[in-house]
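Enquirer: Spelled out, the chains give:
2 protein chains.
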Amino acid sequence: MPDPIRYAQQYRETHLAELMAFLRIPSISAQPKHQEDVQKAAQWLADAMQKVGLENVKVIKTEGHPLLYADWLHAGKNAPTVLVYGHYDVQPAEPFDLWATPPFEPTIRDDYLYARGSSDDKGQAYIHVKAVESYLRSDGRLPVNVKFIVEGEEESGGESLSAFIPKNKKLLKADVALISDTAIVSPDQPAIVYGLRGMAYMLLDVTGPGRDLHSGSFGGGVNNPLNVLGHIIAKLKDEQGHILIPGFYDDVRPLTAEERDLISQFHPDEEAWLKETGAPQAWGEPAYTLVERLGARPTLDVNGIIGGYTGPGAKTVLPATVHAKISMRLVPDQEPMAIARSFTRYVQQLAPPSVKIKVQTLNTAVASVTDWKIPAMQAAASAYEQVFGQKPVYTREGGSIPVVSEFKQHLGLETVLMGFGLAGDQIHAPNERFYIPNFFRGVETAVHFLAEYGK
Amino acid sequence: MPDPIRYAQQYRETHLAELMAFLRIPSISAQPKHQEDVQKAAQWLADAMQKVGLENVKVIKTEGHPLLYADWLHAGKNAPTVLVYGHYDVQPAEPFDLWATPPFEPTIRDDYLYARGSSDDKGQAYIHVKAVESYLRSDGRLPVNVKFIVEGEEESGGESLSAFIPKNKKLLKADVALISDTAIVSPDQPAIVYGLRGMAYMLLDVTGPGRDLHSGSFGGGVNNPLNVLGHIIAKLKDEQGHILIPGFYDDVRPLTAEERDLISQFHPDEEAWLKETGAPQAWGEPAYTLVERLGARPTLDVNGIIGGYTGPGAKTVLPATVHAKISMRLVPDQEPMAIARSFTRYVQQLAPPSVKIKVQTLNTAVASVTDWKIPAMQAAASAYEQVFGQKPVYTREGGSIPVVSEFKQHLGLETVLMGFGLAGDQIHAPNERFYIPNFFRGVETAVHFLAEYGK
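Read top to bottom, the protein sequences are chains A and B.
As numbered in this note's numbering, residues 1 to 455 make up the first sequence, in order.
As numbered in this note's numbering, residues 1001 to 1455 make up the second sequence, in order.
Keep in mind that the hints were calculated from the coordinates and are not lab data.
Incorrect hints may have been included.
As the list claims (entries may be wrong) - Result set (DSS-like, lysine-lysine): computed pairs, CA atoms no more than 30 Å apart in a straight line:
no.: 1; chain 1: B; residue 1: 1169; chain 2: B; residue 2: 1455
no.: 2; chain 1: A; residue 1: 315; chain 2: B; residue 2: 1033
no.: 3; chain 1: B; residue 1: 1356; chain 2: B; residue 2: 1235
no.: 4; chain 1: A; residue 1: 235; chain 2: B; residue 2: 1358
no.: 5; chain 1: A; residue 1: 275; chain 2: B; residue 2: 1275
no.: 6; chain 1: B; residue 1: 1275; chain 2: A; residue 2: 315
no.: 7; chain 1: B; residue 1: 1167; chain 2: A; residue 2: 40
no.: 8; chain 1: A; residue 1: 275; chain 2: B; residue 2: 1315
no.: 9; chain 1: B; residue 1: 1455; chain 2: A; residue 2: 356
no.: 10; chain 1: B; residue 1: 1170; chain 2: B; residue 2: 1408
no.: 11; chain 1: B; residue 1: 1408; chain 2: B; residue 2: 1077
no.: 12; chain 1: B; residue 1: 1167; chain 2: A; residue 2: 235
no.: 13; chain 1: A; residue 1: 356; chain 2: B; residue 2: 1275
no.: 14; chain 1: B; residue 1: 1315; chain 2: A; residue 2: 358
no.: 15; chain 1: A; residue 1: 235; chain 2: A; residue 2: 40
no.: 16; chain 1: A; residue 1: 235; chain 2: B; residue 2: 1356
no.: 17; chain 1: A; residue 1: 315; chain 2: B; residue 2: 1358
no.: 18; chain 1: A; residue 1: 358; chain 2: B; residue 2: 1391
no.: 19; chain 1: A; residue 1: 315; chain 2: B; residue 2: 1408
no.: 20; chain 1: A; residue 1: 315; chain 2: B; residue 2: 1455
no.: 21; chain 1: A; residue 1: 315; chain 2: B; residue 2: 1061
no.: 22; chain 1: B; residue 1: 1315; chain 2: A; residue 2: 315
no.: 23; chain 1: B; residue 1: 1315; chain 2: B; residue 2: 1391
no.: 24; chain 1: A; residue 1: 61; chain 2: B; residue 2: 1051
no.: 25; chain 1: A; residue 1: 315; chain 2: B; residue 2: 1235
no.: 26; chain 1: A; residue 1: 235; chain 2: B; residue 2: 1315
no.: 27; chain 1: A; residue 1: 167; chain 2: B; residue 2: 1173
no.: 28; chain 1: A; residue 1: 33; chain 2: B; residue 2: 1315
no.: 29; chain 1: B; residue 1: 1315; chain 2: A; residue 2: 356
no.: 30; chain 1: B; residue 1: 1167; chain 2: B; residue 2: 1051
no.: 31; chain 1: B; residue 1: 1358; chain 2: A; residue 2: 275
no.: 32; chain 1: A; residue 1: 358; chain 2: B; residue 2: 1275
no.: 33; chain 1: B; residue 1: 1315; chain 2: A; residue 2: 408
no.: 34; chain 1: A; residue 1: 315; chain 2: B; residue 2: 1167
In this text, all values refer to a predicted model and were calculated from it rather than measured experimentally.
Sequences and hints are given; from them, build the entire structure.
Expert: Here's what the structure looks like:
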């Protein structure tokens, strides 16, 4: 057994106790009343980094909450550099009365550590600090160079890091990025998220009359923007899930047979999945499996509509302006701004001259897929296998992690998403928890990753 | 000149002064703080009726605001009986700061009397009291029997009258109903509303997942109820205004050539009309004129939608349940409950098995058309012509006046809608007004109506 692994195993309880101290700080970035707590959590983590032997530890002031930087760069000129990302802020904890134990009083029950941030992301981020410690306190050195960038705004916009990255390319220069902020398939089945969908989030306003009209007096003579909106939505995506925007699929990189094989290694329990959604049945493009539809195919969803009279009872209004939020999840090589333009052009064409249309692009994110054969991905796979005794499965996530595309865009980095959470961790919900055996396995996996990547 | 007309002309200023006193009482039925004022207005009108010689004047207690009854039944056994309806309650006056003069301080400017209720409906209802006075104070008798039923809840539901009518068929027995609560075309061009649309108002809930889901994680695998709602709306009515519910038009009484001729006598200024709506252009079924589309053809309008995320910014939610309010305006001989059932059945069929649908019927009203050749309609036409110097045009109104179908259903009465308001009266808005010359003409027209109908 390598020394760092022996060290990690020996100090498990100490590491767990430290994590619990970290979790006691209510670093809720979205709530101004917790601003000092966020600052406190940043300082706590900086001190912890300093203590394990990381160097150049800096709490960096921003317009928002501070960023944290630290590094250890003595692995030698030819050794690669890993940029570890994490976040020390957490989601709000409301509603408090649904927590079995208080969100900021970490409590152990049945191998789980219950606390806000335990899985997302304090617990997972802290794993890498403990892996560094395990190396430096045993071998006295790391097999690769390591940089940490940890933010305090992941749950509230992340603007400070987005502004920081393009201005600090040299500081953050590395060979690969490593993030533990995702879930694996089951306690014993590791998973590597090798793809993330991108996004184009649109706001659509449809205006008919100049003011709300009485639908009795004007209905039949003035077009109704809510009826028009229905027609537009029906023409954006058919009932089988095929998107009808001209050119939408033009740049979609086809799923190769090899990749479909890779994805199909992950067999979720579809019944359990359906139960979790509460939907009457699964749904989507008939030519693709559920896993493919959820991660590897683009989508279009209406996220919200408001218009006309929405109070109790009946009011016969023919509304002036109605609003819809519509987002598209994108896959490589769809270019979000080009998709946003296609959407806008198409919707403008669909609108009859009896209404006016306004389309705005609210958000975009580039989709990413990391080649699962690059050395860092292979190192992660090997590390997982050595600790969990199982090869990881490869999955593509339906959501976006903006920092991944920012690392790619500004630093040219691929990201290895080496998660240790579980789907049942209740992140963003009451009773968030982290499976303690996988906190310990996480530290060992991170140790193995550094070793493998340094070979 | 007949004596009652001479009398009406002689007492114009007195009648106007009385109306102003009536308008000073803020009888806002929807606002509990004005409950005493509503009571006061009822008593004021009862006293005024008593004074002009109406008999059996009763302020009738209800669950809500009082009803007013009065009659004069000495025209002889063979004389017909007219049931005059009106309402003494008014709309709320907010926002007060948009009124040039206070809503309950009646003010005369440029031949208009400005006050809340001046046109809707105190001014128009009072016309009939003054017509009765003009007869009784000159001839000492009326040419027909007259009954009044005046309510105080027209602007807040009208439940008390709805409950009263079926229980008081004998009291309200008459040969025709007469209502002045509508607008004419222009100051000098009278109009008779001979048709009103009916209604079926539906509430539609579409449920996909059991809770709001993240559209990144679940989009593509779970059907989205807002997208489904769009498809349903698109299948309810096509883009030319044709309603697609099976059987929807089966019971629509076709417009005869004679009726289309009748309607076409009314030529609204389409440009002014469009300007009033603020819409980019008029719209609707190509085979029908604007006037026909607005009054004589059934419609379907989405009155409101709410679902998903509707706050500022982007949130990628795949909503659990979304809500739509959808109403259909109906024409003779569409049966509202049958239409509601067709709607429900059709929407249930449209919904894919990946969502659940709930449809509720919130409101229904029966459409009505009064034969413009019956004696009471001819009497109204003749009365208008004698006073205004112009034959009235015949129009069908797009909205519903529930009391008209209740009179028809329970009392078997046709209703003559002999209005004296104008489209620009700003009813339900700040600066409501009534064109004073037409208040005076109204009294004379009502006198002539009684005379003509008694012939």
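Enquirer: For each hint, tell me whether it holds in the structure or not.
Expert: Hint by hint, here is what the structure shows:
1. B/1169 x B/1455: Roughly 26 Å between the alpha carbons, so the hint for residue 1169 of chain B and residue 1455 of chain B holds.
2. A/315 x B/1033: The given pair, whose Cα atoms are some 23 Å apart, holds under the 30 Å limit.
3. B/1356 x B/1235: holds, 17 Å
4. A/235 x B/1358: Holds, at about 24 Å.
5. A/275 x B/1275: violated, 53 Å
6. B/1275 x A/315: Roughly 23 Å separates the two Cα atoms, so the pair holds.
7. B/1167 x A/40: violated, 74 Å
8. A/275 x B/1315: Since the Cα atoms of residue 275 of chain A and residue 1315 of chain B sit roughly 24 Å apart, the hinted pair holds (cutoff 30 Å).
9. B/1455 x A/356: Violated. Residue 1455 of chain B to residue 356 of chain A sits at ~56 Å, over the 30 Å cutoff.
10. B/1170 x B/1408: holds, 14 Å
11. B/1408 x B/1077: holds, 23 Å
12. B/1167 x A/235: Not satisfied, since the Cα-Cα distance of roughly 52 Å exceeds 30 Å.
13. A/356 x B/1275: holds, 15 Å
14. B/1315 x A/358: Judged against 30 Å, a Cα distance of about 19 Å means the pair holds.
15. A/235 x A/40: Violated: residue 235 of chain A and residue 40 of chain A sit about 51 Å apart, past 30 Å.
16. A/235 x B/1356: holds, 22 Å
17. A/315 x B/1358: This hinted pair holds, its Cα atoms lying about 19 Å apart.
18. A/358 x B/1391: violated, 47 Å
19. A/315 x B/1408: Since the Cα atoms of residue 315 of chain A and residue 1408 of chain B sit roughly 24 Å apart, the hinted pair holds (cutoff 30 Å).
20. A/315 x B/1455: Not OK: residue 315 of chain A and residue 1455 of chain B at ~43 Å, beyond 30 Å, violated.
21. A/315 x B/1061: Given that 30 Å is the threshold and the Cα spacing comes to 28 Å, the pair holds.
22. B/1315 x A/315: holds, 29 Å
23. B/1315 x B/1391: It is violated: about 60 Å lies between the C-alpha atoms, which goes past 30 Å.
24. A/61 x B/1051: violated, 84 Å
25. A/315 x B/1235: Holds, at about 22 Å.
26. A/235 x B/1315: holds, 22 Å
27. A/167 x B/1173: violated, 87 Å
28. A/33 x B/1315: holds, 23 Å
29. B/1315 x A/356: Distance of about 25 Å is within 30 Å: holds.
30. B/1167 x B/1051: holds, 28 Å
31. B/1358 x A/275: holds, 21 Å
32. A/358 x B/1275: The hint holds at about 21 Å.
33. B/1315 x A/408: holds, 24 Å
34. A/315 x B/1167: holds, 28 Å
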